[in-house]
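Number of protein chains: 2
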Amino acid sequence: MLEAHLIAELTKIVGPENITTSRQDMICYGYDATQMEFLPDAVLHPANAFEVSEVLKLANLRRFPVFPRGAGSGFTGGSLPKGGGVVLVTTRMNRILRIDQENLIAEVEPGVVTEQFQLAVEKLGFFYPPDPASLKFSTLGGNVAENAGGPRCVKYGVTRDFVMGLEVVLPTGEIIRTGGETYKAVVGYDLTRLLCGSEGTLGVITKIIFKILPFPDAKKTMLTIFDSIDGAAKAVSTIIGNKIIPTTLEFMDYATLQCVERRFNLGIPAEGRAVLLIEVDGDRDLIEKQAAMIHDLIKPLGLVQFRAARDAAESEELWRVRRLVSPSLRDINPTKYNEDVVVPRSKVPEIIRTIEKIQQKYDIPIVNFGHAGDGNIHVNIMVDKEVPGMDEKAHEAIREVFQAALDLNGTMSGEHGVGLSKAPYIELELSPQQIGAMKAIKAALDPNNILNPGKMFPWKGTPDHAA
Amino acid sequence: MLEAHLIAELTKIVGPENITTSRQDMICYGYDATQMEFLPDAVLHPANAFEVSEVLKLANLRRFPVFPRGAGSGFTGGSLPKGGGVVLVTTRMNRILRIDQENLIAEVEPGVVTEQFQLAVEKLGFFYPPDPASLKFSTLGGNVAENAGGPRCVKYGVTRDFVMGLEVVLPTGEIIRTGGETYKAVVGYDLTRLLCGSEGTLGVITKIIFKILPFPDAKKTMLTIFDSIDGAAKAVSTIIGNKIIPTTLEFMDYATLQCVERRFNLGIPAEGRAVLLIEVDGDRDLIEKQAAMIHDLIKPLGLVQFRAARDAAESEELWRVRRLVSPSLRDINPTKYNEDVVVPRSKVPEIIRTIEKIQQKYDIPIVNFGHAGDGNIHVNIMVDKEVPGMDEKAHEAIREVFQAALDLNGTMSGEHGVGLSKAPYIELELSPQQIGAMKAIKAALDPNNILNPGKMFPWKGTPDHAA
Numbered sequence: 002m003l004e005a006h007l008i009a010e011l012t013k014i015v016g017p018e019n020i021t022t023s024r025q026d027m028i029c030y031g032y033d034a035t036q037m038e039f040l041p042d043a044v045l046h047p048a049n050a051f052e053v054s055e056v057l058k059l060a061n062l063r064r065f066p067v068f069p070r071g072a073g074s075g076f077t078g079g080s081l082p083k084g085g086g087v088v089l090v091t092t093r094m095n096r097i098l099r100i101d102q103e104n105l106i107a108e109v110e111p112g113v114v115t116e117q118f119q120l121a122v123e124k125l126g127f128f129y130p131p132d133p134a135s136l137k138f139s140t141l142g143g144n145v146a147e148n149a150g151g152p153r154c155v156k157y158g159v160t161r162d163f164v165m166g167l168e169v170v171l172p173t174g175e176i177i178r179t180g181g182e183t184y185k186a187v188v189g190y191d192l193t194r195l196l197c198g199s200e201g202t203l204g205v206i207t208k209i210i211f212k213i214l215p216f217p218d219a220k221k222t223m224l225t226i227f228d229s230i231d232g233a234a235k236a237v238s239t240i241i242g243n244k245i246i247p248t249t250l251e252f253m254d255y256a257t258l259q260c261v262e263r264r265f266n267l268g269i270p271a272e273g274r275a276v277l278l279i280e281v282d283g284d285r286d287l288i289e290k291q292a293a294m295i296h297d298l299i300k301p302l303g304l305v306q307f308r309a310a311r312d313a314a315e316s317e318e319l320w321r322v323r324r325l326v327s328p329s330l331r332d333i334n335p336t337k338y339n340e341d342v343v344v345p346r347s348k349v350p351e352i353i354r355t356i357e358k359i360q361q362k363y364d365i366p367i368v369n370f371g372h373a374g375d376g377n378i379h380v381n382i383m384v385d386k387e388v389p390g391m392d393e394k395a396h397e398a399i400r401e402v403f404q405a406a407l408d409l410n411g412t413m414s415g416e417h418g419v420g421l422s423k424a425p426y427i428e429l430e431l432s433p434q435q436i437g438a439m440k441a442i443k444a445a446l447d448p449n450n451i452l453n454p455g456k457m458f459p460w461k462g463t464p465d466h467a468a
Numbered sequence: 002m003l004e005a006h007l008i009a010e011l012t013k014i015v016g017p018e019n020i021t022t023s024r025q026d027m028i029c030y031g032y033d034a035t036q037m038e039f040l041p042d043a044v045l046h047p048a049n050a051f052e053v054s055e056v057l058k059l060a061n062l063r064r065f066p067v068f069p070r071g072a073g074s075g076f077t078g079g080s081l082p083k084g085g086g087v088v089l090v091t092t093r094m095n096r097i098l099r100i101d102q103e104n105l106i107a108e109v110e111p112g113v114v115t116e117q118f119q120l121a122v123e124k125l126g127f128f129y130p131p132d133p134a135s136l137k138f139s140t141l142g143g144n145v146a147e148n149a150g151g152p153r154c155v156k157y158g159v160t161r162d163f164v165m166g167l168e169v170v171l172p173t174g175e176i177i178r179t180g181g182e183t184y185k186a187v188v189g190y191d192l193t194r195l196l197c198g199s200e201g202t203l204g205v206i207t208k209i210i211f212k213i214l215p216f217p218d219a220k221k222t223m224l225t226i227f228d229s230i231d232g233a234a235k236a237v238s239t240i241i242g243n244k245i246i247p248t249t250l251e252f253m254d255y256a257t258l259q260c261v262e263r264r265f266n267l268g269i270p271a272e273g274r275a276v277l278l279i280e281v282d283g284d285r286d287l288i289e290k291q292a293a294m295i296h297d298l299i300k301p302l303g304l305v306q307f308r309a310a311r312d313a314a315e316s317e318e319l320w321r322v323r324r325l326v327s328p329s330l331r332d333i334n335p336t337k338y339n340e341d342v343v344v345p346r347s348k349v350p351e352i353i354r355t356i357e358k359i360q361q362k363y364d365i366p367i368v369n370f371g372h373a374g375d376g377n378i379h380v381n382i383m384v385d386k387e388v389p390g391m392d393e394k395a396h397e398a399i400r401e402v403f404q405a406a407l408d409l410n411g412t413m414s415g416e417h418g419v420g421l422s423k424a425p426y427i428e429l430e431l432s433p434q435q436i437g438a439m440k441a442i443k444a445a446l447d448p449n450n451i452l453n454p455g456k457m458f459p460w461k462g463t464p465d466h467a468a
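Going line by line, the protein sequences match chains P and H. For the first sequence, our numbering begins at 2 and goes up steadily by one. For the second sequence, our numbering begins at 2 and goes up steadily by one.
Incorrect hints may have been included.
Each pair may be met inside one copy or between any two copies, as identical chains are not told apart.
[As the list claims (entries may be wrong)] Heads up, simulated DSS-like pairs for lysine-lysine below, C-alpha to C-alpha not over 25 Å straight-line:
no.: 1; residue 1: K58; residue 2: K124
no.: 2; residue 1: K13; residue 2: K440
no.: 3; residue 1: K244; residue 2: K124
no.: 4; residue 1: K13; residue 2: K208
no.: 5; residue 1: K290; residue 2: K220
no.: 6; residue 1: K83; residue 2: K124
no.: 7; residue 1: K358; residue 2: K58
no.: 8; residue 1: K208; residue 2: K362
no.: 9; residue 1: K13; residue 2: K386
Source of the hints: derived by calculation from the structure; they are not laboratory data.
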């Protein structure tokens, strides 16, 4: 519990209308998409880097933990105040500061919602490609802190590839700039990209300079259904092997297909075992040529359906299949553990087959879909917590899924990060020496372990936090 | 001086044929492209990460500095053994370990020469775009350590954008892997990109996993000459503003043009004040369309010559103008200080005009060319050291050039890094807080300041190295 005099000092920093300690507010800021819940002692809404800096200086002086939070849409509990302390919400810092059309850069505050930013640049003819599923509510600060991905990353890269510079408040309260307005910049260490994906443990992001692109002329969406996983996977490597890098290569397995079909009756052919939703974008003539090439290339691979959208409305219709996945999953079981392993693209059929075996072993429904173009599979373990023992079995299954991805030279997470929920597994992926180097960096920048403690690494014992 | 027993211990690690202390070898490994010279005490050629690790463990135990070195083609003294110690040369680790055509990745050792790697992947139909000017002799390990760039980066990105994973020996001797074989990977801090551009101060790279691309179908080269700098700069933003991202947008100013023309008589029109060498690549039809569009777009901007290559031979002929720049510069003065400032693309005319003023103020010839697409200008200050006072004036001019780039929201270096030669200026660009964070990371990973000491930061006093 934070003592009253600390609440008073925090109130002085952010103003009385930007701090709350009421129980209902604590509940609102103590959960995220994992559905875990930990109540903070206070929630702050600072206005700028200066206020964030003052909060962090006080936190170092008085030794209380600070948990930065955007929209709380994370999938690993990365923003949750486990152990109590102060939640620092960035959503008041929500201005798009400038869009520099000549240099193709934009500067924003961290609380801007991803989609709002995309729409703002699109209105001017530009493009910000990263498209995490949560883009309608996730914030750009959170996207940078987690290095968010999305379907379009196979062609355009992840959030990291668009971050040119940051304003960051270090855990000890110093306000620094990293990177800048030029894409080429090699003076000093690349703190920008160290911060990217550091899950709020190394600094609070208060400004972001993004690279933006010209908006593509046109796009072409294709819904393709194969009679086997291998056919769909082979399609991915065949397309890329033929020098076409699609914007998206979204994959759905048989279990996903069945789920969507049962609920929505889309008329998916009975022999369909895997879907690839393919989109290409760019020059209008080129994408028509590419679509034709793609059709020719994948025809021999067990293609049972090929539908190409002729306009935006038809494209939306094809994307509907993908969008209906999440709502239909809950028909299976109420709780979804959404893991996001990655394997080298060619290993997708192998990981899917291994996951099928894990599913049989533990007798738990698992549904797989995701970004086949970069081998990033969302493995959804569907659990009914009312069934005794099912949750425990699910966690054993998750560990086996992680291990399977690692055995194929993959990773436990391509988009969601580690946070709280994957911290117990991190030693499966990282060696003690790797973790040692990372913890040394954390300790160097956050000697009192103030900022988002307990995340990412399996911390032995409780961090020393005396408020 | 390293004591004899240390030489004996080092000899045990790498074998007698892979260590030398002879004076001529010390000279060979004590210089780089800066023409500075510092003699080491010994030069080692380790075979693998294990030997590198043993060397670094010994260095920590006995406290002697270790300077990693690839081909020594750096422009800032980054590999030079200032103060003496051991030079650790990576060139024996020169195998291309695998090229995984299905997953578009390649694993190499750090001593592979950049061009050799490019040719090896090209033979299989793939593409490794980063193309620093030194690519015929620079090594990939050095490219990663310096985050090397080149003309093609405007479209494809810098070395960092192609590094997926590393094997690194930390300064204290631990061998770790960073990143991996998947492009999306967010478990733990991004050590891969922290290492990228860290100039050999945070680890010795012993393996690299690169992303590779399909080789573009075709390319089209255009030599365009404008009657003003502003016309050429406007051409850059007009082309990009019209959604064409060329592979290269190489720029040469009037001084450069005059230099080349005086020496080689290429028939450059008298009214020419700036050259843009433009190349587009990709689909064969698309690039023809783009070339025509480019011609239309830039015609009103003071275009005095437009030559488009019809085949590879003509393309080579056009590139010749660019390639003749370096050999013709020495006609002006024998010593070249090659700085590589970057400004936001739209500020290129302004920085060129400011540099003209600096040139007049100090009465020193300055020739500018470089990568206009990303605002990266190579500013060549041509000095005759025989002329009393000229070298001193040059250094004052360099400081003003740096400051001018920073005043335009640019950076002192887009490709070359800081090393020794820019360390005295780093406080112009980075705040004490930024430098503090960077030094904290350095100290966390290299507590005894063993690895490449004295680089990047202005170290007060002499590092404590007692052999």
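Looking at the structure, which of the earlier hints fail to hold?
-> 1, 2, 6, 7, 8 and 9
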